[in-house]
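*Asks:* Take a look at the letters that make up each chain.
Number of protein chains: 2
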Amino acid sequence: MSDVAARRATAFAPASVGNVAIGFDILGFSVDALGDRVTAVRRDEPGVLIDRASGVAGELPRDPERNTAGRAVLAMIQERKLGFGFEMHIDKGIALGSGLGGSAASAVAAVVAANALLDEPCSRLELLKFAMQGERVASGALHADNTAACLYGGLVLTVGIDQPRVKQIPIPPGVRAVIVHPHMFLSTHEARALLKGSVELSDFVWQTANLAGFISGCYTDDLDLIRASFEDVVIEKQRQALIPGFAEVREAALGAGALGCSIAGAGPTLFAWAMQSHAAAVLAAMRLPLERRAIGVDGWVIDINSPGARIIK
Amino acid sequence: MSDVAARRATAFAPASVGNVAIGFDILGFSVDALGDRVTAVRRDEPGVLIDRASGVAGELPRDPERNTAGRAVLAMIQERKLGFGFEMHIDKGIALGSGLGGSAASAVAAVVAANALLDEPCSRLELLKFAMQGERVASGALHADNTAACLYGGLVLTVGIDQPRVKQIPIPPGVRAVIVHPHMFLSTHEARALLKGSVELSDFVWQTANLAGFISGCYTDDLDLIRASFEDVVIEKQRQALIPGFAEVREAALGAGALGCSIAGAGPTLFAWAMQSHAAAVLAAMRLPLERRAIGVDGWVIDINSPGARIIK
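Quick mapping for you: the protein sequence lines, in order, are chains B and X.
The first sequence begins at 2 in the numbering used here and counts up by one.
The second sequence begins at 2 in the numbering used here and counts up by one.
Okay, chain B solo, but in the shape it has when bound (with noise of 0.2 angstroms):
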C-alpha cells in the first residue's frame, strides 16, 4: 500500500487573483473554490510525460517544456538531478485566459504532486522556484504573484525573484473576496505587452501609498484604511477597456459596499472585497452590467484564507 503511495499522487492547486490591485506582480490570494488536479505517476524513465489533459483544457501543449505543469516538474527533476521521471495527467478546472491564475495553478499542482513522490521531499519554497519556471511559459515574464498565493494559501507577498521570501499577510475578520469570471478569453501575453514601460513619478508615490495603506489595513483590522488604499492607479487604467463594462462592475460593487474592485491579473476576471454581510449584494451588483451586455458569468463568494496547494489523493 505504501508503495502503491509513493508511485502516485494526486494534487489540488486553487485558482487565484494577482496583483490584488496595489501588488502588480508581487500580491495574490488563493480562490479555492476551484482549482486544478494533477496527478503524477513515477516512472523509471527520465523526464515527463504528459499523458493528457482533461476539464477546461482546450489546446494545452504535450511538450513538457512548453506546457507550464511539465517545465515546473523538469526543473524540479534538473535542480535535484533525479534518475527517474514523471507521467503526468493534468485535470484543468480554471480556464485559460481566464485570470484566475490557471498556468500557475498547474505548475503548483504538478510540483507539488511530484514532490509527493520524491525519496527526500522539497520545502515548499523550493517547489515555490520550480512552478515560477512553469509559470513562466504561460506569461512570459517571472513572478511569483498567482504562483506564492495558490501554493501557500491565502494573501500572499512575494518579495524578490531569485531568492524569493514569501509573507502570508493577514485578513481581517468577515472580509470575504467577490469573483466574477466573464466567459471571456484574455490572453496574459497581450495584456502584459500593452502596459507601458514606465510609471509616472506621481502615480508611483501614489501607488506605494496605496500598497503600505493597504498592507497596513491588513495587519491592523483598519477597513477604513483599507478601503481608501484599494485602489490600482497605474495597471487598471491601462488594461480597462480590454474588459466590456469594467466601469460599471466596479461602480456597482463598490455602490453595493465592496471595500474595493479591480481585476484579476491581467483580467478578464474582476474581483472585490467585501464584508460577508455585503458580499451576496456585492456579487449580484458586479453580475448585473456584463449579463446585460450578454456576456456569460460565474460568481463566487470566498472565504481568502485556505490552506492553499494540496495532496488530496
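Treat the hints with care, since some could be wrong.
Derived DEER-like restraints, expressed as beta-carbon distance ranges [said to hold, decoys possible]:
hint: 1; chain 1: X; residue 1: Lys82; chain 2: B; residue 2: Gly161; range: 34 to 42 angstroms
hint: 2; chain 1: X; residue 1: Pro308; chain 2: B; residue 2: Gly258; range: 34 to 42 angstroms
hint: 3; chain 1: X; residue 1: Glu201; chain 2: B; residue 2: Arg63; range: 33 to 41 angstroms
hint: 4; chain 1: B; residue 1: Gly161; chain 2: X; residue 2: Asp299; range: 30 to 38 angstroms
hint: 5; chain 1: B; residue 1: Gly198; chain 2: X; residue 2: Leu126; range: 35 to 43 angstroms
hint: 6; chain 1: B; residue 1: Asp299; chain 2: X; residue 2: Asp222; range: 34 to 42 angstroms
Calculated from the structure, these hints are not laboratory results.
Ideal placement from N, C-alpha and C gives every residue a C-beta, glycine not left out.
Assemble chain X onto chain B, guided by the hints.
*Replies:* Just chain X, lined up with the frame of chain B:
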C-alpha cells in the same frame, strides 16, 4: 496663571527622516534627539508676526508667507477664521538643508504651539494639514513624510494628500536608527528637481515589493524580511552622487551589521537601522568614510519610538 498659559506656549517638534529608503514621500520616522522649538504668543492683531529666529537658523525668511512656520499658522488662521493672530519665535535646532526635516519641524512646532492657544483646539489630523501647507514652502511639493513623522512620532505612513490618513507602524523591539549628518548643505528643491519624472516598470515592481516586505516585516518583527527589503532601487541611485562617500558609508553600515542604510529625505544626512547591539559599531563605521574626506559629522543612535511634537512650556 491659566490666563498666562493661554497667551503663550512653546512646542518642541523633533527632526525626522523622510522616505526611509523604500517609502518615497510616504514614510518617515521621528528623530527625537534634536528638533525645533517654536514659542507662540497670542495677540489681538490678526496674522502672524515672526519676531525673531535663533539657533542654527541662518537666513530664515521673516515674511510669514515665505516661512514654513508662518505659512502653517496662516493656514490654521484662515481655515479656522480666527479673529486674532500670533507672534512667533523660532528656535532652530535642525540645520537647514540637512535632510532631517527641519522645515517640517518648524511648521509642526508652530501649529502645535498656536493650537495650545486656541479656544477650541484642532485635531492632530487638522494640524497635519496646516503643517503640510507650511512645509510646502520649503520643499516645493505637498507631501507628508517628514511632517507626519514629526507630528505623530515613531515610524509613520501617510496615505493621501488632500485627505491624508496617518498610520503609525510598529518598530520591532531592539531596532534603533543610526543617524549621520555630514556638515554640508543640500537644497531639497534641487534634490527633487534632479529626479526623473517616471520610474521603470521593473524598478516599480521591485520597489513596491521592498516596501510591502519592509512594512510586513515591521508588523511581524521579521528582521530577515526587513533586511531583505531595505533597499531603495528608485530614488537613491539618482541622488547618491550628491553625497560624497555615500556608497562607502552604506557598505560600511551593512558590513557592521545594519539592517539597511539609505539617504535621509533629500540628504545629505544618512541613516541606518540596526539592532541595539550593533548600533554603536554601525555609527562608527558610517562616520569613517566621511571623516576620511575631512567632512565634519554629527551622529546619533536613537530609539525610533517617540511621542512626536509636544508642548514643553
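*Asks:* Work down the list of hints and note, for each, if the structure agrees.
*Replies:* Here is how each hint holds up against the structure:
no., hint, verdict
1, X:Lys82 with B:Gly161: 34 to 42 angstroms, "violated, 53 angstroms"
2, X:Pro308 with B:Gly258: 34 to 42 angstroms, "holds, 37 angstroms"
3, X:Glu201 with B:Arg63: 33 to 41 angstroms, "holds, 37 angstroms"
4, B:Gly161 with X:Asp299: 30 to 38 angstroms, "holds, 35 angstroms"
5, B:Gly198 with X:Leu126: 35 to 43 angstroms, "holds, 38 angstroms"
6, B:Asp299 with X:Asp222: 34 to 42 angstroms, "holds, 41 angstroms"
Hint 1 from the list above is the single one not met by this structure.
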